[in-house]
Every structure is written in structure tokens, then in C-alpha cells.
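Here the protein sequences line up with chains A and B, keeping their order.
Count the first sequence with my numbering and you get residues 1 to 193, in order.
Count the second sequence with my numbering and you get residues 1001 to 1202, in order.
It is worth saying that the hints were derived from the structure and are not from the lab.
This one's a predicted model, so the numbers in the text were calculated from it and none came from an experiment.
Check before you lean on any hint, since a few could be wrong.
To be verified - Heads up, incomplete: computed chain A residues facing chain B, CB under 7 Å, no partners named:
(1) Val165
(2) Ala176
(3) Ser180
To be verified - Quick partial rundown of chain B residues pointing at chain A, CB under 7 Å, derived from the structure:
(4) Phe1174
(5) Gly1178
(6) Ile1180
(7) Leu1182
Note that CB positions come from ideal geometry on N, CA and C, so glycine has one too.
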Amino acid sequence: MIGDLTWILISSMVVNNFTLTLFLGLCSFFGVTNKQETALRLGMANLFVLVLTAVAAWFLNRFILEAAPYLRLISFIIVIASLVQIVEMAIKKLSPALFRALGIYLPLITTNCAILALAIFQTNRGYGLLQGLAFAIGAGLGLTLALSLMASIRVRLDVADVPRVGRGLTVVLIIATSLSLAFMGFAGLGSSS
Amino acid sequence: MVVKIWCLATLVLAALLMGTSFAHALEMPAKMRYDTDEWMHAQHTLYFAYARIGGMIEIAAILAAGALATFLHDWRPAMLTAVAGAAMDVVGATYPFKKQPIAFLVNHVGKPDEYEVNGLGCVKIRGMGIGFTIMLLAMGAIREVLGSGSFLGVPVMGRNFEPWVIMVLPPGGFLTLGIIMLAIAWWRERGVRRAAAPRGAR
């Protein structure tokens, strides 16, 4: 059981990294990785919402959607969005400092494709609550890893002498290529177990 | 003189391209009635030369019209006409390939036959922006040709071609998009540089 959960965690964190091997959540990957701190914060916010999503999706699948499977997609979207809304209001009331730190990213995460993908993967693979939680934590850590790796490279890129045509998003895409290539190396992890 | 010869070559290539596309359009109503097996069979037997020769002609026609536009960039009306011609070529060349470019882009690796069957994919694509579609087609074409040595499932690179597997893996997507953006940035940069340079110095 523990081995199974660990494997799900590691797998979703590095082997099937949401951003670098599955192309999910690319908008934030390219959009807000200008600064290390922002990227880390966004990764953490993602992790938080992913865990909420996993629990919500499990609850919906277990108790509600059995009766109406065709409502799966729309109920996921609505429940995740309203959950994030409630959490946002709670954070605003309880801890204004954290609310300011997260800024626009918390509501923005609601419509991130990585979040919905987590719910759908979890459903298709038939994960239970614990497995879903492990999956969500792994995926969240993987996103945080990808974002902070990218941000730390981009910070150094500011002082690098990039040819003028390659400045901006182009060189970032090329860097993403090599990061993604590096993550392909983890694909061999699964073959032995 | 060079420009005149080039004009003629472009015209011939464009005519050939439009010919194949028109033939595709004409046979489409009959083909839509085929079931999966017949469709696949026709697709894999009839269009062999289409992909090998026709594909080359299509690409050559687009390139030729584009090159003509660069030749004529000082003479604005002629350049605009050539650019419009190149755009028409792109539309004509993409018409037969209207079978779900997203499938080409994302997952043609595992299931080569799934998207070819769905002849109605064209309807969905009309809704997207043309630019997005062209981008998807370009990325899909580059990745398929380099990554598996085939175009629309038909081998085009010859027997001894070793596929660049990296192009069909996730990094290939980032790389292709990066290189396309690099090309566009280079093109823009060139335009800015030319506009800034004194007129005689070109």
C-alpha cells in the first residue's frame, strides 16, 4: 500500500511531470516564471488547489456521480471553481498577508488545465482517496519543481548575452526543451519495478 | 528576367497545387460515404503519389510564392498580390489535410489510424483561427516528417532515413515551437533592420 502510494507520488512528480511531459499548465509555466519567488509561490498555490481538487473529485465520484456519470465534467468544473472561491474568501478573512502574497494566482488557478486534468486522470485510473491525495501532492510538487527550475534559469538569463532575435519567449522555449529532455530521463524509472 | 522566370515557375506550381486540391474536393463527397476500412484502404493506396510528388509540389508552390513576394518587396502592389497568392497556396495545400491537425500534433505516435478515419474533423477546424490552424499544421508536419519520416502516414523520407525520435516526444514540441518562433523573430528583425537602413544600402 505504502509502496503503491509512493510510486504514484514519484511518478506524478517526475516521470509524468504535468508541465514538462504532459504539456499541462503551460500558461503559468511561461507566464509567471520571471521571478523565483513568484514561481515558488504559484507552485505552492497550485499544490494547495490540486489537493482540494483531488478530495472534491473523489467525493463527487464516490457519492454523487454514480447516479449521473454524464455530468462529470461540468460538475468537476463547478465544484472546483466554487471551492477555490470559498478558500479565497476564507484566506482573505483569516490571513490577509497570505491573500496578498497569492494575489491573482489563486483564482487564476481555477481554470488551469492542470487542475482539471488531475480530476480526470484520477477518475479514469480509478484512484481512491489516499491514492488521489498522493497523486495530487506529487503533481503539485512536480509543478512547483518545474516552475522553480524554470524561474531559477530565467533569473540567470537576465544577465546572459542572448542573441537579439532569441530574446523573450523563444529562448525560454528552447530552455523548456532541454528541461523536458532532462525529465525524459526519468522515464526509465518505471521499467524495473 | 529572373523575376519573370520565377513568376512562370510559381504559376505552374500553383496551378499543379490547385489541381490536386480541386481533385480532392471533387472526390470528397464520394469518399465521405466510405466506411472505415474502405477509407483507410483508399487513403493508403490511392494517395501514394499525392504525398510524394503532390506534397513536394505543395510545399514548393508555397515557398515559390513566398520567395516571389520577397523579390518584389519594393513594388508594393505586386508584393501584396504575391503574398495573397502564397496565402491561397497555403489554403489550397491545407485543404486535403483537414483531418484534425490536433491529432497530428498531440498523439499521432500511438494511434496512426484514428484521426484519418474521421473525415468530419474538418467541420471542427473551421471554427479555429486560421493562424492557429496553420501553426498546428506546421508543427504537426515538421514533427511528423522529422520524427517518424512520414507525412500523413505515408513515408516520405526514403528507406535509409533514421527517424529523429525526439521530435515526437514531449521535448520535440517545445523545440519545434521555439524554432518556429525563432524564425519568425528573425524575419521581423530583418524587416526592422531593412527599414532602418538607408535605401541605397540594401
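Hints, verified against the model:
1. Val165: Hint on valine 165 of chain A: holds, closest Cβ of chain B at ~4 Å, below 7 Å.
2. Ala176: Holds - the Cβ of alanine 176 of chain A comes within 7 Å of chain B, reaching about 4 Å at its closest.
3. Ser180: Hint holds; serine 180 of chain A Cβ to chain B Cβ min 4 Å, cut 7 Å.
4. Phe1174: The hint holds - phenylalanine 1174 of chain B has a Cβ within 7 Å of chain A, the shortest such distance being about 4 Å.
5. Gly1178: 3 Å, holds
6. Ile1180: Constraint on isoleucine 1180 of chain B not satisfied, violated at 9 Å.
7. Leu1182: This interface hint holds because 5 Å falls under the 7 Å limit.
Checked against the numbered hints given earlier, this structure breaks only hint 6.
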